[in-house]
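**Q** Using the sequences provided together with the hints, build the complete structure.
Residue-level listing of the chains:
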Amino acid sequence: MAKITMTVNGRQVSGQCDDRTLLVHFIRENLGLTGTHVGCDTSQCGACVVHMDGKSVKSCSTLAAQAAGSDITTIEGLAANGELHPVQAAFKANHGLQCGFCTPGMVMTAVDMIRRHGGQLDEATVRAELEGNICRCTGYHNIVKSILAAAAEMGGARVAAE
Amino acid sequence: MGVEGIGARVARKEDKRLLTGKGRYTDDMSVPGMKYAIFVRSPYAHAKIRSIDATAAKAMPGVIGVLDGKQLLADGIGNLICGWMIHSKDGSPMKMGAWRPLAHETVRYVGDAVAIVVADSVAEAKDAAEAVVVDYQELPVVTDATKALEQGQPQLHPEAPNNLIFDWQIGDPAATDKAIASAAHVTEITIHNNRLSPNPMEPRATLGIYDGGDEHYTCYTTSQNPHVARLVMSAFYNVAPENKLRVIAPDVGGGFGSKIYIYPEEIVCLWASKRTGVPVKWTSDRTEAFLTDAHGRDHLSKVKMAFDANNRIIGLKVDTVANLGAYMSLFSSAVPTYLYATLLSGQYDIPAIHANVRTVYTNTAPVDAYRGAGRPEATYLLERTMETAARELGVSPAELRRINFIRSFPHQTPVIMNYDAGDYDASLDAAMKAADWNGFAARKAEAAGRGMKRGIGMSCYIEACGIAPSAAVGSLGAGVGLWESAEVRVNAVGTIEVLTGSHSHGQGHETTFAQLVADRFGVPIDSVNIVHGDTDKVQMGMGTYGSRSGAVGMSAVVKALDKVEAKAKKIAAHLMEADESDIVIENGELKVAGTDKTVPWFQMALAAYTAHNLPPGMEPGLKEGAFYDPANFTFPAGCYICEVEVDPETGVTKIIQFVAADDFGNIINPMIVEGQVHGGLAQGIGQALLENVHYDPENGQLLTASYMDYAMPRADDLPSFKVSTSNTPCPNNPLGIKGCGEAGAIGSPPALINAITDAIGNNRLTMPATPQKVWAAAHAAN
Ligand code: FES
Ligand code: FES
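The listed protein sequences correspond, in order, to chains A and B.
The numbers in the working numbering rise by one with no breaks, and the one at position 153 of the first sequence is 153.
In the working numbering, each residue's number is its place in the second sequence (first place is 1) plus 1000.
Simulated from the structure, these hints should not be mistaken for laboratory data.
Just so it is clear, CB atoms sit at the ideal spot from N, CA and C, and this is done for glycine as well.
Some hints could be false.
As the list claims (entries may be wrong) - Derived CB-CB ranges, DEER-like:
(1) A:T42 with B:E1399: 55 to 63 Å
(2) B:S1720 with A:G15: 40 to 48 Å
(3) A:S14 with B:G1481: 50 to 58 Å
(4) B:G1076 with A:N81: 50 to 58 Å
(5) B:P1032 with A:D19: 23 to 31 Å
To be verified - Calculated pairs, SDA-like style, for lysine to any residue (alpha carbon to alpha carbon, straight line, at most 25 Å):
(6) B:K1722 with A:L148
(7) A:K92 with B:L1476
(8) B:K1016 with A:A80
(9) B:K1022 with A:T5
(10) B:K1126 with A:T62
(11) B:K1453 with B:D1716
(12) B:K1597 with B:E1565
(13) A:K3 with A:S61
(14) B:K1597 with B:H1574
(15) A:K92 with B:K1722
(16) B:K1016 with A:E76
(17) A:K92 with A:T125
**A** Right, here's the structure in full:
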């Protein structure tokens, strides 16, 4: 048992957990943030993706203790002031989700993908970069469409701001 | 069509919740005092249990209790059952062996549960489960269904000699044999339909809560049909009477059939909650899901298709062996019989059909319905046979299909089904046009110039959805009726709640069902709430599977809306001193046609509840319910075309394009329908190219129990799809809906395999068409 402290969605939190506790379980059980999901036990599905210091990580493959002191964003922290993040809005507009179970991980992965590629994303890149996220419902068609739409919008917005 | 009415591409109401992490799935639930369960599972595929010793486990930190199958039996908890009776052709009933929720004498597949450990944390429960000592005496194992039927093989259940569950037939054997004997050409082929794991991304989970004060149980569960779960747990498993058992299926992360069934874990967690006095939650990990979620498919069939000199099909003979695994799951007997062999006529006018089906026990996980359930097996068999026949006869695949299409409706097939409507030429034309079929030769030549082998394949599928007319399925052995219920509650301020027995686990009911109401009354969909998935709120329902939510579930809503509309018009007529036949409802107002007199919807609703000024004798309030029992199945159909490029050096198949042209009848929300097709296509393509459940035949160990070993389709395995619909409304339900949930998974595998075999010039190929198999087939003589 150790006490760990980290920043989650802009708020400082701390909790007691076993050395073996995974970050995803710390987030779900200790913090009650159940938007981050667990879909597998081999680090393959990406349902658990969160951002750690701005980069996407699989929280099922990260120990809670490794995340001590870091800045974590989960799906709950993405929408600001009740407004959907552009990636969330694009998923809604393009029917990029069905059952919603893979969705938090998909959205967090997509936000990181767009951050790295900006408006330069194309379909082949999106599909290749989704390697670590499995969806059983959508056939990916509308997920790819959503990410491209969000990238275009966010890329466009950035150009406009510069 | 209004902006939110029938036919509109309305963005989903449920999305905000699911996109912001506010979805509420079973594993997200927690209640005060809740503890965690881990199941002790058999590591052997077949063994006698000599003894179970939990002494050490019980002494471990955090452990609340360890319970086993003997205690479960002593408490009177019943066997799991299969709810569809099939009789063999000799008239004998199917031979169902006992399935205990916790095995206490014999384990029959790897993963069979033998005990439950309840502890303060999952980690402590896992540690303690490791410490439960089960003394097994290993028995010989059989995993292959055909082999299991042979003499001298291991026997799974004393009730079923030679592991044969039933030997069933449909159609006319004599007429079919005669047609084959007189044929100008007979195409013969052996078809293997590979075993799959459904793999909804949310693993199964359950939370059992026993309240000793009221002697009442609450079961949160990942179910496609919570009411069926309550019924079965009450009537057969003896968990609790219905009035003492509430089943809640909250947000459910996909099902695809695998969450229809009632599994041991729900039953055992409820029972364990009473035994230990704490709420008990269990969540499957992915390995357990591979081991214990019901699998799909696993058929081996021998096929003979007979043609006359004009290339018309005159007879079809099919002999199928279906692997049902170690126990008979809830609908397992219906899948390889009435959901399969009744579709063997496909889109074709076939005068004589005979199918024989033997179902078999093996030391593998139970097999039951998986997206399509029987219809993918029928379609793959037929459409590969048609393609093979076209090649043998030297006719184009489209031409052979056109020669044999059914063109007049209703059409009675020789295998029960009566097709009500369809236009098979229309979807074939649409698909060929979208795929630029006529330009294929040039594309093939271009690819050949790069050393690549291009192929094109088609598949014309039909399925039976909207299950199902209760009396008809009752006469065929179903243990339940397959109607649906709905209740429409108009609140005093005019907002509306629709309660449905359907269940959404990704299909978007909260949006599409609200669209029906918006369309009818002109109210915004935001003023309509859809309530489902809780047996305390919705009285009864049959749930969601078999693409039935639209055709059956929505039809029940329509019936209830009819009643609400009739009463609302009476109230409005009374308020405006008009004749009720003159009242029309538009844009949220009730109007007297041809005048400027109106009553807003909310005012009519308020009048219903104040009851100060209602027509004489009218009851206050505005709430109506309905049950809808379909008159017939519905028959979605379509044509899928796939074009591939195979690299002869590596055997890797690349999908160049995938075209789907479907006939789903009328459509409520095209965006959602397209999404259903995309998802189905991905699963069908997964079956054809990637997925396979593989057991070690020697010892029954599951070799594909993780995403490292079982190849799920990923984004870069798939193309973007070209989907379209050309619709003939279903004449048998009020909305003209046929259903769209399974088509993609049904129609796609044969189109893909037909394309690959066309590319490599060798018809001998089994699914999944892995690079290794494709390479070998491409380099072997046909
Ligand atoms: S749960 Fe983290 S990758 Fe599957
Ligand atoms: S939306 Fe269901 S798994 Fe992706």
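**Q** So, for every hint listed, does it hold in this structure?
**A** Outcome of the hint check:
Our hint of 55 to 63 Å for T42 (chain A) and E1399 (chain B) is violated, since their Cβ atoms are close to 48 Å apart. Hint check: S1720 (chain B) to G15 (chain A), Cβ distance near 44 Å, so the stated range 40 to 48 Å holds. The supplied range of 50 to 58 Å is met by S14 (chain A) and G1481 (chain B), whose beta-carbon atoms lie about 55 Å from each other. One distance hint, 50 to 58 Å for the beta-carbon pair G1076 (chain B) and N81 (chain A), holds here, with the actual separation near 56 Å.
The supplied range of 23 to 31 Å is met by P1032 (chain B) and D19 (chain A), whose beta-carbon atoms lie about 27 Å from each other. A hinted pair counts as satisfied when its Cα atoms are at most 25 Å apart, and K1722 (chain B) with L148 (chain A) qualifies at roughly 18 Å. Straight-line distance between C-alpha atoms of K92 (chain A) and L1476 (chain B) comes to about 43 Å, which puts the hinted pair past the 25 Å bound. As the CA atoms of K1016 (chain B) and A80 (chain A) are separated by approximately 13 Å, the hinted pair is consistent with the 25 Å bound.
Distance hint between K1022 (chain B) and T5 (chain A) is fulfilled; the C-alpha atoms sit about 24 Å from each other, no more than 25 Å. Under the criterion of a C-alpha separation no larger than 25 Å, the hint pairing K1126 (chain B) with T62 (chain A) is consistent with the structure, at around 20 Å. The straight-line distance between the Cα atoms of K1453 (chain B) and D1716 (chain B) is roughly 20 Å, inside the 25 Å bound, and the hint therefore holds. For the given pair, K1597 (chain B) sits about 18 Å from E1565 (chain B) by alpha-carbon distance, which is consistent with the 25 Å threshold.
A hinted pair counts as satisfied when its Cα atoms are at most 25 Å apart, and K3 (chain A) with S61 (chain A) qualifies at roughly 20 Å. Distance hint between K1597 (chain B) and H1574 (chain B) is fulfilled; the C-alpha atoms sit about 12 Å from each other, no more than 25 Å. Of the supplied pair hints, the one linking K92 (chain A) and K1722 (chain B) holds, its CA atoms being roughly 21 Å apart against a limit of 25 Å. Note on K1016 (chain B) and E76 (chain A): the hinted pairing holds, with a Cα-Cα distance of about 11 Å set against a maximum of 25 Å.
A hinted pair counts as satisfied when its Cα atoms are at most 25 Å apart, and K92 (chain A) with T125 (chain A) qualifies at roughly 21 Å.
When each numbered hint is compared with the structure, violations occur for hints 1 and 7.
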